[in-house]
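Participant: As they're listed, the protein sequences go chains Z and P. Position in the first sequence (from 1) plus 240 gives the number in the working numbering. Position in the second sequence (from 1) plus 240 gives the number in the working numbering.
One or more of the hints may lead you astray.
Treat identical chains as interchangeable: a pair holds within one or across any two.
Cut-off 25 Å, straight-line C-alpha distance, at most; resulting in silico cross-link-like pairs (PhoX-like, lysine-lysine) [said to hold, decoys possible]: (1) K305 - K359; (2) K405 - K323; (3) K252 - K359; (4) K331 - K291; (5) K405 - K276; (6) K252 - K407; (7) K252 - K266; (8) K323 - K266; (9) K276 - K407; (10) K398 - K305; (11) K266 - K407; (12) K291 - K398; (13) K291 - K407; (14) K252 - K398; (15) K407 - K301; (16) K309 - K279.
Worth flagging that the hints you see were computed from the coordinates, not collected in a lab. Small disclaimer: the values here were computed from a predicted structure and weren't measured.
Number of protein chains: 2
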Amino acid sequence: MRIMEITKREIKTLEERTFPSEICFKPIGIMHSPFKSLKGVPIQPSVSEDKGLIEIFPQYKLALKDLDKFGFIICIFHFDMVKLPIPLQSKPFLDDEEHGVFAIRTPFRPNPIGFSILKLTQIIEHELHVENVDILDNTPILDIKPYVPHFDVRETEKIGWLQGKIKKKLS
Amino acid sequence: MRIMEITKREIKTLEERTFPSEICFKPIGIMHSPFKSLKGVPIQPSVSEDKGLIEIFPQYKLALKDLDKFGFIICIFHFDMVKLPIPLQSKPFLDDEEHGVFAIRTPFRPNPIGFSILKLTQIIEHELHVENVDILDNTPILDIKPYVPHFDVRETEKIGWLQGKIKKKLS
Chain Z
241 MRIMEITKRE IKTLEERTFP SEICFKPIGI MHSPFKSLKG VPIQPSVSED KGLIEIFPQY
301 KLALKDLDKF GFIICIFHFD MVKLPIPLQS KPFLDDEEHG VFAIRTPFRP NPIGFSILKL
361 TQIIEHELHV ENVDILDNTP ILDIKPYVPH FDVRETEKIG WLQGKIKKKL S
Chain P
241 MRIMEITKRE IKTLEERTFP SEICFKPIGI MHSPFKSLKG VPIQPSVSED KGLIEIFPQY
301 KLALKDLDKF GFIICIFHFD MVKLPIPLQS KPFLDDEEHG VFAIRTPFRP NPIGFSILKL
361 TQIIEHELHV ENVDILDNTP ILDIKPYVPH FDVRETEKIG WLQGKIKKKL S
């Protein structure tokens, strides 16, 4: 029975598990935002007051059940504007020195995966109304997770090259 | 000149940009952790005291420059044990009711992308020594970003079905 098949959660055996050379995903939705080009996109969602809409494709609607009770979501998406290969070091917006791309939040990364925490204000059918948007219009969305402070908040003063730079330019 | 090519950051023009049916990534590293099977993997990094090692592949070593000055990293990885398709709703570890998979943190998601915030204790060559590990041994790593409280911390009491369940079972 088809229903039984898709409600079963299967995992690979250790023998089936081989290290992949490539991992492919299918977008689960698309971003609708005021940002039609990279110019003017806020550098981080925490400093954005812009609103947007994440359209989850209808076949995934059931996966949204009870998400509306969360205040924030983690949105994982593809920086589809980036052309590979990228340089492994570059100057971030907030600094004049080059750093490794794993030490900065640039879209220009070996795997151009974006990560934004967005304020969720409403879900209507399969559309998520969000605030604090820093994502380009028409961006392919890969995953949505509920933001849970107990899981996702860490306290640290160790913020590397950003030390002393955030307050100056952002707030 | 090759060097010039790879230090140039190129973006697609709006005409070149078409919505993808599939997005493929190459692992940038591999997780070495004490968890050889899904049994015993902590449900969240925030409750794990286990140590591990992220081996970044040597060709990406330059991308690690200055990451060692950060206290925590965001690690994005592939739950490669998951066989698709998955059910769109399921019962999470902390509850007896079914919720949409976008409202829970299960590995069984349409795109099995994992997200953990790990404590970074040391970088030796291209190996990241980390704590709070909740990632299975041999997991393919897709991206590493610096964790920055100013960007990544949100305050909210709206934690949906997790309300009242976290303290009870986790701490």
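Participant: How do K407 and K301 come out at 25 Å by Cα distance, when the copy is not named: within, between, both, or neither?
Facilitator: So K407 and K301 fail the 25 Å test inside a copy (40 Å) and across (30 Å) alike.
Participant: At most 25 Å between alpha carbons: which applies to K305 and K359, within, between, both or neither?
Facilitator: within (17 Å within a copy, 32 Å between copies)
Participant: Quick one: K252 to K266, C-alpha cut-off 25 Å, is that within a copy, between copies, both, or neither?
Facilitator: both (20 Å within a copy, 20 Å between copies)
Participant: Is it within, between, both, or neither for K252 and K359, if the alpha carbons may be no more than 25 Å apart?
Facilitator: Classified as neither; 35 Å inside a copy, 29 Å across copies.
Participant: Please work out whether the CA atoms of K323 and K266 approach to 25 Å or closer within one copy, between two copies, in both situations, or in neither?
Facilitator: both (19 Å within a copy, 14 Å between copies)
Participant: My question is about K291 and K407: at a cut-off of 25 Å on alpha-carbon distance, are they close within one copy, between copies, both, or neither?
Facilitator: Intra 24 Å, inter 33 Å, cutoff 25 Å: intra-copy only.
Participant: Using 25 Å as the alpha-carbon threshold, which applies to K309 and K279: within, between, both, or neither?
Facilitator: For K309 and K279, neither the intra-copy (33 Å) nor the inter-copy (30 Å) Cα distance is at most 25 Å.
Participant: Can you give me the call for K252 and K407, within, between, both or neither, at a CA distance of at most 25 Å?
Facilitator: neither (47 Å within a copy, 32 Å between copies)
Participant: Is it within a copy, between copies, both, or neither that the alpha carbon of K276 lies no farther than 25 Å from that of K407?
Facilitator: Close neither inside one copy (28 Å) nor across copies (43 Å); limit 25 Å.
Participant: Could you figure out if K291 and K398 sit no more than 25 Å apart (CA to CA) within one copy, between two copies, both or neither?
Facilitator: Between. Shortest inter-copy distance 19 Å satisfies the 25 Å Cα cut-off; intra-copy 31 Å does not.
Participant: Please work out whether the CA atoms of K266 and K407 approach to 25 Å or closer within one copy, between two copies, in both situations, or in neither?
Facilitator: neither (38 Å within a copy, 35 Å between copies)
Participant: Give the relationship of K405 and K276 under a CA distance limit of 25 Å: within one copy only, between copies only, both, or neither.
Facilitator: Classified as neither; 28 Å inside a copy, 41 Å across copies.
Violated hints for the displayed structure, listed by number in ascending order: 2, 3, 4, 5, 6, 9, 11, 14, 15 and 16.
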